Amino acid sequence: MQEIQREQMEFDVVVVGGGPSGLAAAIRLRQLAIEKGNPDFSVCVVEKGSEFGAHILSGAVMEPRALNELIPDWQQKNAPVNVAVKQDRVYMLKNATKFRQFPDNIVPKTMHNEGNYIISLGNLVRWLANQAEELEVMMFPGFAAADILYNDDGSVKGIVTGDMGVNAKQEAKPSFEPGYELLAKYTIFAEGCRGHLGKRLISRFNLAEGKDPQHYGIGLKELWEIDPAKHEQGVVLHGTGWPLSETGTMGGWWLYFDENNQVSFGLALDLSYENPYLSPFDELQRLKTHPLIANILTGGKRLSYGARALAKGGLNSLPKLSFAGGVLVGDDAGFLNPAKLKGTHTSIKSGMLAAEAVYEAILAGRQHDEITDYEEKFKNSWLFEEAHAARNHAPAMHRMGVFGGGAFGFIEHHVFKGKTPFTIHDNIPDHAMLERADHAFKPDYPKPDGKLTFDKLSSVFISNTNHTEDQPCHLHLTNPDVPIKRNLKIFAEPAQRYCPAGVYEVVVDENDKPKFVINAQNCVHCKTCDIKDPAQNITWVAPEGGGGPNYPNM
Numbered sequence: 001m002q003e004i005q006r007e008q009m010e011f012d013v014v015v016v017g018g019g020p021s022g023l024a025a026a027i028r029l030r031q032l033a034i035e036k037g038n039p040d041f042s043v044c045v046v047e048k049g050s051e052f053g054a055h056i057l058s059g060a061v062m063e064p065r066a067l068n069e070l071i072p073d074w075q076q077k078n079a080p081v082n083v084a085v086k087q088d089r090v091y092m093l094k095n096a097t098k099f100r101q102f103p104d105n106i107v108p109k110t111m112h113n114e115g116n117y118i119i120s121l122g123n124l125v126r127w128l129a130n131q132a133e134e135l136e137v138m139m140f141p142g143f144a145a146a147d148i149l150y151n152d153d154g155s156v157k158g159i160v161t162g163d164m165g166v167n168a169k170q171e172a173k174p175s176f177e178p179g180y181e182l183l184a185k186y187t188i189f190a191e192g193c194r195g196h197l198g199k200r201l202i203s204r205f206n207l208a209e210g211k212d213p214q215h216y217g218i219g220l221k222e223l224w225e226i227d228p229a230k231h232e233q234g235v236v237l238h239g240t241g242w243p244l245s246e247t248g249t250m251g252g253w254w255l256y257f258d259e260n261n262q263v264s265f266g267l268a269l270d271l272s273y274e275n276p277y278l279s280p281f282d283e284l285q286r287l288k289t290h291p292l293i294a295n296i297l298t299g300g301k302r303l304s305y306g307a308r309a310l311a312k313g314g315l316n317s318l319p320k321l322s323f324a325g326g327v328l329v330g331d332d333a334g335f336l337n338p339a340k341l342k343g344t345h346t347s348i349k350s351g352m353l354a355a356e357a358v359y360e361a362i363l364a365g366r367q368h369d370e371i372t373d374y375e376e377k378f379k380n381s382w383l384f385e386e387a388h389a390a391r392n393h394a395p396a397m398h399r400m401g402v403f404g405g406g407a408f409g410f411i412e413h414h415v416f417k418g419k420t421p422f423t424i425h426d427n428i429p430d431h432a433m434l435e436r437a438d439h440a441f442k443p444d445y446p447k448p449d450g451k452l453t454f455d456k457l458s459s460v461f462i463s464n465t466n467h468t469e470d471q472p473c474h475l476h477l478t479n480p481d482v483p484i485k486r487n488l489k490i491f492a493e494p495a496q497r498y499c500p501a502g503v504y505e506v507v508v509d510e511n512d513k514p515k516f517v518i519n520a521q522n523c524v525h526c527k528t529c530d531i532k533d534p535a536q537n538i539t540w541v542a543p544e545g546g547g548g549p550n551y552p553n554m
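For what it's worth, the UniProt record's numbering labels the leading residue of the sequence shown as 1, then goes sequentially.
Since the hints were made in silico from the structure, they are not lab data.
Listed below are the simulated BS3-like cross-link pairs for lysine-lysine, each with C-alpha atoms no more than 27 Å apart in a straight line: (1) 377 x 419; (2) 489 x 456; (3) 199 x 320; (4) 301 x 230; (5) 36 x 77; (6) 211 x 199; (7) 485 x 442; (8) 109 x 86; (9) 211 x 377.
Simulated restraints on C-beta separations: (10) 229 x 382: 37 to 43 Å; (11) 514 x 68: 51 to 57 Å; (12) 369 x 507: 48 to 54 Å; (13) 514 x 369: 47 to 53 Å; (14) 422 x 486: 37 to 43 Å.
Note that this is a predicted model, so its numbers are computed, not measured. Cβ coordinates follow ideal geometry from the N, Cα and C atoms, glycine included.
Construct all of the structure, not just a fragment, from the sequences and the given hints.
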């Protein structure tokens with residue numbers, strides 16, 4: 001395509017990503033502007049989903065601490081935070097039929113949820129978007145941030161939204177509309193886990209220098225409506241063990257009894273797993289056949305499905321947060337607390353801290369420089385205290401296993417109160433953990449019955465995933481020969497299994513030779529391929545704005 005003349009729009013601050021951290025940052029910026037008598041202070045939020053909340057997926061049990069600080073009267077404003085946790089139950093699934101419930105007194109403090117709420121994070125984000133709009137934040141849903149704009153000195157000056165109406169050959173269709181250049185004094189990147197622009201910024205500005213590599217998990221979730229006689233509103237179930245124990249994989253499951261006879265059920269699986277034949281999606285389906293879970297779900301109706309990667313490295317893997325012209329917040333940086341299995345309150349708080357630092361810099365007449373005050377605010381906050389207390393969780397689990405790591409976590413939080421006098425590190429990236437296929441055990445996954453267990457394509461269908469036809473593929477292969485010539489030979493091409501949406505296939509062509517196929521229209525934007533590909537040959541970039549899943553009530 002020829003060079004495009006783009007319309008420019010200027011703001012004080014541009015926020016990339018309309019999740020909890022991005023919206024919290026936008027809300028706090030406008031709150032400060034109004035408090036300080038600066039009503040013309042301009043903030044915009046760019047969100048790639050078709051609406052705010054469309055791409056949001058989480059368990060979710062939320063700790064309300066940060067929301068209390070951001071919007072103290074959230075209850076009076078009818079935030080969709082209604083179901084207080086009334087009981088925790090933690091289980092070990094011994095095998096395909098047996099289980100054991102752990103007594104409360106041996107469950108780590110971080111797994112207790114008194115004072116927390118079972119929520120739909122997507123619905124909370126929709127509500128936060130309304131709060132931002134009432135504060136006159138400019139809201140741009142359906143616009144993907146496609147690239148970063150830089151000043152001559154290398155500082156970030158804004159972003160470019162993606163062009164609309166480009167065909168697979170990179171040619172303009174009759175419906176072509178060029179993207180916008182959104183310029184700002186500072187840009188806040190809040191794309192969520194493995195943000196494609198955040199990934200570039202971390203590399204360009206060496207933000208991860210001296211840090212452990214980021215570690216990831218994949219969370220797969222199903223929303224069910226169950227028999228009212230089985231529903232226990234406010235009860236939280238967590239568990240580990242079978243079926244992941246069969247492949248030596250770390251992870252755990254949840255089942256939350258929300259309102260309206262709905263339950264959130266899902267599996268969070270560590271992406272440091274070694275077995276190339278493991279399929280996270282099929283592990284989720286197999287898990288449902290265990291009597292403890294099957295007895296709850298049987299007779300119910302599956303309403304939705306989705307998947308999303310999560311950053312779980314914690315403080316040891318947290319990159320430098322600021323660079324010339326911008327900052328990273330939320331899971332774009334990796335603020336999730338892996339010991340608590342929670343990231344909403346940490347994301348909201350990080351957005352608030354960034355907003356305060358950015359506003360103060362602009363008020364002082366600064367722009368496009370590095371806001372080191374953000375890092376200082378973080379280190380002086382409860383967010384840092386919490387991250388520091390949980391810093392050993394992920395590396396201990398990786399190095400000691402489920403039982404050893406769990407025992408260490410219990411001692412760390414109950415004996416040392418999160419102040420262990422040493423730090424454990426894990427410097428092996430997740431993609432480097434796969435073993436050769438010829439050394440691996442092949443799990444036996446059940447054939448879906450269409451009632452309790454399902455296949456990938458029917459699952460993608462109820463995620464309401466859609467991408468405009470005939471657009472450039474947003475899953476880029478650095479070397480198109482790698483999947484067949486390297487990954488298939490060594491690892492039986494794991495992309496066809498680690499993807500939870502059936503995007504990647506190995507088929508036989510007309511010459512009886514294997515061929516790697518990318519079904520990009522199935523992509524639920526989980527980013528697992530970008531993380532787990534053993535050759536780091538797949539790069540996820542934003543497709544046309546508005547594409548991807550449309551999660552209801554997730």
